[in-house]
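> Here are the chains, one letter per residue:
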Amino acid sequence: MTATQNPARAGAGAGETRTLTLIQAVTEAMREELARDERVVVFGEDVGARGGVFLATAGLQAEFGRARVFDTPLSEASIVGAAVGMAVRGMRPIAEIQFADYMGPGFDQLISQAAKIRYRSGGQFTAPMVIRTPSGGGVKGGHHHSQSPESYFAHTPGLKVVMPSTPYDAKGLLKAAVRGDDPVIYFEPKRLYRAAKGEVPTGDYTVEIGKGAVRREGRDLTLIGYGGVMPDAERAAAALAAEGVEAEVIDLRSLLPWDRELVLESVSRTGRAVLVSEAPRTANFMGEVAYVIQEELFDQLLSPVVQVAGFDIPYPYVQDKIYLPGPNRIAAACVQALNY
Amino acid sequence: MIQPFTSDPLRWVSEDGQPIRELPARFTPELLRELHRQMVRAREFDKKLVTLLRQGRTTFYAQASGMEGTQVGLARSLRVGHDWVWPYYRDHTLGLAMGISMMDIVSQCLGTNSDLCRGRQMPHHFGVADKRFVSISSSIASQVPPAAGTAMAQKYLGTDEITVCTFGDGATSEGDWHAGMNMAGASGAPCLFVCENNQWAISTHLREQTASETIHIKAKAYGMPGYYVDGNDIVAVMEVMEHVAGRVRAGEGPALVECLTYRVGSHSNADADAEKQYRTREEVAEWEARDPITRVERLLEHLGAPIDPQEIRDLVAAIHREVDEAVRAAEATGQPGWEIMFEDVYADKPVHLERQEDFLRAEQPATVGGRA
Chain S
1 MTATQNPARA GAGAGETRTL TLIQAVTEAM REELARDERV VVFGEDVGAR GGVFLATAGL
61 QAEFGRARVF DTPLSEASIV GAAVGMAVRG MRPIAEIQFA DYMGPGFDQL ISQAAKIRYR
121 SGGQFTAPMV IRTPSGGGVK GGHHHSQSPE SYFAHTPGLK VVMPSTPYDA KGLLKAAVRG
181 DDPVIYFEPK RLYRAAKGEV PTGDYTVEIG KGAVRREGRD LTLIGYGGVM PDAERAAAAL
241 AAEGVEAEVI DLRSLLPWDR ELVLESVSRT GRAVLVSEAP RTANFMGEVA YVIQEELFDQ
301 LLSPVVQVAG FDIPYPYVQD KIYLPGPNRI AAACVQALNY
Chain L
1 MIQPFTSDPL RWVSEDGQPI RELPARFTPE LLRELHRQMV RAREFDKKLV TLLRQGRTTF
61 YAQASGMEGT QVGLARSLRV GHDWVWPYYR DHTLGLAMGI SMMDIVSQCL GTNSDLCRGR
121 QMPHHFGVAD KRFVSISSSI ASQVPPAAGT AMAQKYLGTD EITVCTFGDG ATSEGDWHAG
181 MNMAGASGAP CLFVCENNQW AISTHLREQT ASETIHIKAK AYGMPGYYVD GNDIVAVMEV
241 MEHVAGRVRA GEGPALVECL TYRVGSHSNA DADAEKQYRT REEVAEWEAR DPITRVERLL
301 EHLGAPIDPQ EIRDLVAAIH REVDEAVRAA EATGQPGWEI MFEDVYADKP VHLERQEDFL
361 RAEQPATVGG RA
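Top to bottom, those sequences are chains S and L.
All letters in the first sequence, in the order written, are residues 1 to 340 by UniProt numbering.
All letters in the second sequence, in the order written, are residues 1 to 372 by UniProt numbering.
Calculated from the structure, these hints are not laboratory results.
By construction, the Cβ of each residue, glycine as well, lies at the ideal position given by its N, Cα and C atoms.
Treat the hints with care, since some could be wrong.
Claimed, not checked - Result set (DMTMM-like, lysine to aspartate or glutamate): computed pairs, CA atoms no more than 25 angstroms apart in a straight line:
id, chain 1, residue 1, chain 2, residue 2
1, L, Lys155, S, Glu38
2, L, Lys349, L, Glu339
3, L, Lys349, S, Glu288
4, L, Lys349, S, Glu261
5, S, Lys211, L, Glu343
6, L, Lys155, S, Glu288
7, S, Lys211, L, Glu354
8, L, Lys155, S, Glu261
Unchecked claim - Partial chain L-side listing against chain S, Cβ under 7 angstroms, derived:
id, residue
9, Leu116
10, Cys117
11, Arg120
12, Gly127
13, Ala129
14, Val134
15, Ser139
16, Pro145
17, Met152
18, Asn182
19, Ala221
20, Val345
21, Pro350
22, Gln356
Unchecked claim - Far from chain S, some chain L residues (derived; all Cβ distances over 12 angstroms):
id, residue
23, Glu15
24, Glu34
25, Leu52
26, Tyr278
Work out the full structure, taking the sequences as your base and the hints as a guide.
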């Protein structure tokens, strides 16, 4: 059941909150944006009557009709390309790619069209659009349902890339993405769809793209992550706290652009940085974060920057849980930084 | 009656300028002269730009000589500034015939401050918002899915606009072409797809491009009619386009028109002497004999209203002056400096781009005219 179908919550005013899962927050953001702006449409594979394979769009077609929430041919190039063409013509498309692993066929549309049309036309044409896509592992999906391809997109000027890890951010970031004037790739950490629960305002709000959030304050080291790894990062921090180590935990939320100021301010206090992601290590987005930390804070670092990442292998099926950085591996990386 | 899926290209005027069907009443000598002027203007523009290329004043140019019948004929069938166009990179003749100024196209080719695209793309990739002529992408067929999307938006918004999407024969081998055609077909969006089949994708001939007998028959698989037209017969192009655009505009769904033509020039400066590399002079000569401009001249002779050769010489001279003046005026505006490099990446400049801009500001001297 989605939140607004809950009669106990109906009519709740601004300022009130209720508990939603991450995927319910995604749905709620789309519902509110569809209601707010007629230029908004939602489409993708199986998003209509079925409501998406994860049910992110459940109920939206029934509520807004087939003209505004509709199924498309099974073609990521078509879905992304159609979003570009609609956006250029003045609409605000929200397109779903069923799994981030299938962004490949739509990749040229993103890098050649969506990311470049504003620049190449001197600002004459723009593509304000959102591509939502579930990413990351932990659902026993093998390598075609578990990958974390965000670094490809963070490497593309003209795109914005975000990945919420809480229901609050999921709603606020999606609304910000829909209302912004740039193409946004909105990654949804699928293993948190129902695992992440939190308080979400019933009213309208946005979370600014490009701003991170401090999840836990601490003075001994800074633990920086985004997306699906965040609950484990917080578990690691809690375990360290039991040992008397206070880790500050930062959720980047946005990768392109990312909150350099927040990260540098924290690491300048703690002197230690541990970077956590589940994407393969080589050319991992966190490499850029590490670079900036050493560039700006070399004199203040008490240890080398430590990175916890996925391995440079195709995402495995059987060893799903071993592949992912869990709280133990994250805590061990923190200890490594502390013991340097 | 104009039928889809014909085995031979639809034609109104024979290669030697004789009407082989009744000439529609609108093709008066006055209209034919106007079409002739537009085609000659585009061809002379082509020649002048190739000269600029050889002089090193621009770095890329894709000739469209031989394809004027297709592109001018298409332009005449649009509601310019109302319908949307997702073009490909060999469409300056279409642009000129739609009323995009030589100044705008030349400015883009030279990357001057007068370039509407602010010097951001390689030459011959212009875009003009007030003509709804979308900025060209080099990535082949990447305009096809977005064209379907623009047409879907037009349908959703309830406009009476249509979207026109052009491409060459090579593009029809790309996945994006099939994706976009299928999307348009499945959605029933008002999209007119136009294949400017000039038979060569750089050095790859149509016969190596596809085993399909023609391009237009591929429309069948996407649930839309496919029309086959002699692209060097501007009367045929206009008759078919008017009919097909009309049915697209009437809500009958998308359609494909294949215009069979020929790229008389080279692909670009990358293959300046095509006949030494991959095709024969005989083949080029054979197609020059089917030239769209000559065909209209012969038709006018047949109608008893020949164009005076002196008039053509005067026309050519006037066009050359027009190009020279556009080049002079564009070059006089100077080229944009580094100051605009970080603009138009996003709606607002993020902090990391401001920092990179600061770096460049410290490295580079300020330029005159940096603000386009």
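> Against this structure, judge whether each hint is valid.
To see whether the hints hold, each was checked on the structure:
1. For the given pair, L:Lys155 sits about 14 angstroms from S:Glu38 by alpha-carbon distance, which is consistent with the 25 angstroms threshold.
2. Between the alpha carbons of L:Lys349 and L:Glu339 the distance comes to roughly 13 angstroms, so the proposed pair stays at or under 25 angstroms and holds.
3. Proposed proximity of L:Lys349 and S:Glu288 is supported: the alpha carbons are some 19 angstroms apart, at most 25 angstroms.
4. Between the alpha carbons of L:Lys349 and S:Glu261 the distance comes to roughly 16 angstroms, so the proposed pair stays at or under 25 angstroms and holds.
5. Proximity of S:Lys211 to L:Glu343 is assessed by CA-CA distance (about 21 angstroms); at most 25 angstroms being required, the pair is judged to hold.
6. The straight-line distance between the Cα atoms of L:Lys155 and S:Glu288 is roughly 44 angstroms, outside the 25 angstroms bound, and the hint therefore fails.
7. With a C-alpha separation of about 16 angstroms, the suggested pairing of S:Lys211 with L:Glu354 holds against the 25 angstroms cut-off.
8. Among the hinted pairs, L:Lys155 with S:Glu261 is inconsistent with the structure: their alpha-carbon atoms are about 45 angstroms apart, more than 25 angstroms.
9. For L:Leu116, the suggested interface contact is upheld, since its CB lies about 6 angstroms from the closest CB of chain S, less than 7 angstroms.
10. The interface hint given for L:Cys117 holds, since its Cβ lies 4 angstroms from the closest Cβ of chain S, which is under the 7 angstroms cut-off.
11. The interface hint given for L:Arg120 holds, since its Cβ lies 5 angstroms from the closest Cβ of chain S, which is under the 7 angstroms cut-off.
12. Residue-level restraint check for L:Gly127 holds (minimum Cβ-Cβ distance to chain S is 5 angstroms; threshold 7 angstroms).
13. Checking L:Ala129 against chain S: minimum C-beta separation of about 4 angstroms stays under 7 angstroms; hint holds.
14. With its C-beta approaching chain S no nearer than about 6 angstroms, L:Val134 sits inside the 7 angstroms limit, and its interface hint holds.
15. The beta carbon of L:Ser139 comes within 4 angstroms of a beta carbon in chain S, closer than 7 angstroms, and the hint placing it at the interface holds.
16. Given the 7 angstroms rule on beta carbons, the hint for L:Pro145 holds: about 2 angstroms separates it from the nearest Cβ of chain S.
17. Taken as an interface hint, L:Met152 checks out: its beta carbon lies about 6 angstroms from the nearest beta carbon of chain S, inside 7 angstroms.
18. Given the 7 angstroms rule on beta carbons, the hint for L:Asn182 holds: about 5 angstroms separates it from the nearest Cβ of chain S.
19. At about 13 angstroms, the closest approach between the beta carbon of L:Ala221 and any beta carbon in chain S exceeds 7 angstroms, and the interface hint on this residue is violated.
20. Taking 7 angstroms as the C-beta cut-off, the interface hint given for L:Val345 holds, the closest approach to chain S being about 6 angstroms.
21. The interface hint given for L:Pro350 holds, since its Cβ lies 4 angstroms from the closest Cβ of chain S, which is under the 7 angstroms cut-off.
22. The closest approach between the C-beta of L:Gln356 and any C-beta of chain S is roughly 10 angstroms, which is over the 7 angstroms cut-off, so the hint fails.
23. For L:Glu15, the requirement that its beta carbon stay farther than 12 angstroms from each beta carbon of chain S is met, with the minimum near 38 angstroms.
24. Chain S leaves L:Glu34 outside its interface by the beta-carbon criterion, the shortest separation being 29 angstroms against a cut-off of 12 angstroms.
25. No Cβ of chain S approaches the Cβ of L:Leu52 within 12 angstroms, the least distance being about 21 angstroms, so the stated non-interface status holds.
26. At roughly 27 angstroms, the least C-beta separation between L:Tyr278 and chain S is larger than 12 angstroms, which holds for a residue marked as non-interface.
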